[in-house]
Amino acid sequence: NAGVTQTPKFQVLKTGQSMTLQCAQDMNHEYMSWYRQDPGMGLRLIHYSVGAGITDQGEVPNGYNVSRSTTEDFPLRLLSAAPSQTSVYFCASRAGWPEYGYTFGSGTRLTVV
Amino acid sequence: KNQVEQSPQSLIILEGKNCTLQCNYTVSPFSNLRWYKQDTGRGPVSLTIMTFSENTKSNGRYTATLDADTKQSSLHITASQLSDSASYICVVNAGNMLTFGGGTRLMVKP
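Protein chains in written order, with our numbering: chain A, 1 to 113; chain B, 114 to 223.
In case anyone wonders, no lab produced these hints; they're calculated from the structure.
Hints may contain errors.
As the list claims (entries may be wrong) - Computed far set for chain B versus chain A, every beta-carbon distance over 10 angstroms:
| # | residue |
| --- | --- |
| 1 | Ser-120 |
| 2 | Thr-139 |
| 3 | Arg-155 |
| 4 | Ser-171 |
| 5 | Thr-176 |
| 6 | Asp-180 |
| 7 | Thr-183 |
| 8 | Ser-187 |
| 9 | Thr-191 |
| 10 | Ser-193 |
| 11 | Thr-212 |
| 12 | Met-220 |
To be verified - Sample of chain A residues facing chain B (criterion: CB under 7 angstroms; computed from the structure):
| # | residue |
| --- | --- |
| 13 | Phe-10 |
| 14 | Pro-39 |
| 15 | Met-41 |
| 16 | Gly-42 |
| 17 | Leu-43 |
| 18 | Phe-90 |
| 19 | Gly-101 |
| 20 | Gly-105 |
| 21 | Ser-106 |
Yeah, the Cβ is synthetic: ideal placement off N, Cα and C, and Gly gets one too.
Could you put together the complete structure from these sequences and hints?
Here it is in structure tokens:
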């Protein structure tokens, strides 16, 4: 049981490049979310999904796209990378009820130069 | 605006000592509050969950308290170990939306 798997672990991009951060979970969780974590700040929600085919914006969605074609996968796409997107990105998932805690991936450290 | 404030921002203690981390929140509607431990380079891992009706909950050497009237929670770590060195994040659940505190970075020194 792998939990939540994120790839890559590290990435350096040039300004204007695009890329996709991968997230996969094998727990059949309905809810999946993407967060970014910046120094001195709490994790901020980028996008989330309540099930396959359903996504919605979080607190800081600009510059990011998501899709949820399967229950297992929830990729995050950076359309045109900017230095302000330098951050650590975490994918998380949980079962249906809010009482269940989120399981977090180990993160992707992204640097945009 | 929903907010979660944690204090202190960082803390250094000697191995074997106790410490208490604080969390104040203004989140509505309140569903539950969780404390997460985040080791360096890893994702957060849940330590304990507090619902509205719970005042105290323990998980080994970790004890969380919740005062729903004053909207405060604390995480007490007893007999600290070097492996307790991590960031501790308070997360309040309002319906399906989470509000994260900025975390307390704890360093336990031998």
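Hint by hint, here is what the structure shows:
Against the 10 angstroms criterion, Ser-120(B) stays outside the reach of chain A, whose nearest CB is about 13 angstroms from its own CB. Annotated as non-interface, Thr-139(B) keeps its C-beta farther than 10 angstroms from every C-beta of chain A; the closest such distance is 14 angstroms. Listed as outside the interface, Arg-155(B) is inconsistent with that label: its C-beta sits roughly 5 angstroms from the nearest C-beta of chain A, within the 10 angstroms cut-off. The beta carbon of Ser-171(B) is kept farther than 10 angstroms from every beta carbon of chain A, the shortest such distance being approximately 17 angstroms.
Every C-beta of chain A lies more than 10 angstroms from that of Thr-176(B), the closest at about 18 angstroms, which supports listing it as non-interface. The beta carbon of Asp-180(B) sits about 20 angstroms from the closest Cβ of chain A, which is more than 10 angstroms, so the claim that it is off the interface holds. Annotated as non-interface, Thr-183(B) keeps its C-beta farther than 10 angstroms from every C-beta of chain A; the closest such distance is 21 angstroms. No beta-carbon of chain A comes within 10 angstroms of the beta-carbon of Ser-187(B); the shortest separation is about 18 angstroms.
Against the 10 angstroms criterion, Thr-191(B) stays outside the reach of chain A, whose nearest CB is about 22 angstroms from its own CB. No Cβ of chain A comes within 10 angstroms of the Cβ of Ser-193(B); the nearest lies about 23 angstroms off, and the non-interface call holds. The beta carbon of Thr-212(B) is not kept farther than 10 angstroms from every beta carbon of chain A, the shortest such distance being approximately 7 angstroms. Met-220(B), annotated as away from the interface, keeps every beta carbon of chain A farther than 10 angstroms; the closest lies near 16 angstroms.
Here the hint on Phe-10(A) is broken, as its CB sits about 10 angstroms from the closest CB of chain B, past 7 angstroms. The beta carbon of Pro-39(A) is not positioned within 7 angstroms of any beta carbon in chain B (closest approach about 9 angstroms), and the interface hint is therefore violated. Evaluation of the Met-41(A) hint against chain B yields a held restraint, the C-beta minimum of about 6 angstroms falling below 7 angstroms. Look at Gly-42(A): its Cβ gets to within about 3 angstroms of chain B, closer than 7 angstroms, so that hint holds up.
A cut of 7 angstroms between beta carbons decides the hint on Leu-43(A): the least distance to chain B is about 4 angstroms, and the hint holds. Interface restraint check: Phe-90(A) against chain B, minimum CB-CB distance 5 angstroms, threshold 7 angstroms, status holds. With 7 angstroms as the threshold, the beta carbon of Gly-101(A) comes within range of chain B, its nearest partner Cβ sitting at about 4 angstroms, so the hint holds. Of the supplied interface hints, the one on Gly-105(A) holds, with its beta-carbon coming within about 5 angstroms of a beta-carbon of chain B, less than 7 angstroms.
Among the interface hints, the one on Ser-106(A) holds; its C-beta lies about 5 angstroms from the nearest C-beta in chain B, closer than the 7 angstroms criterion.
When the structure is compared with the earlier hints, violations turn up for hints 3, 11, 13, 14 and for no others.
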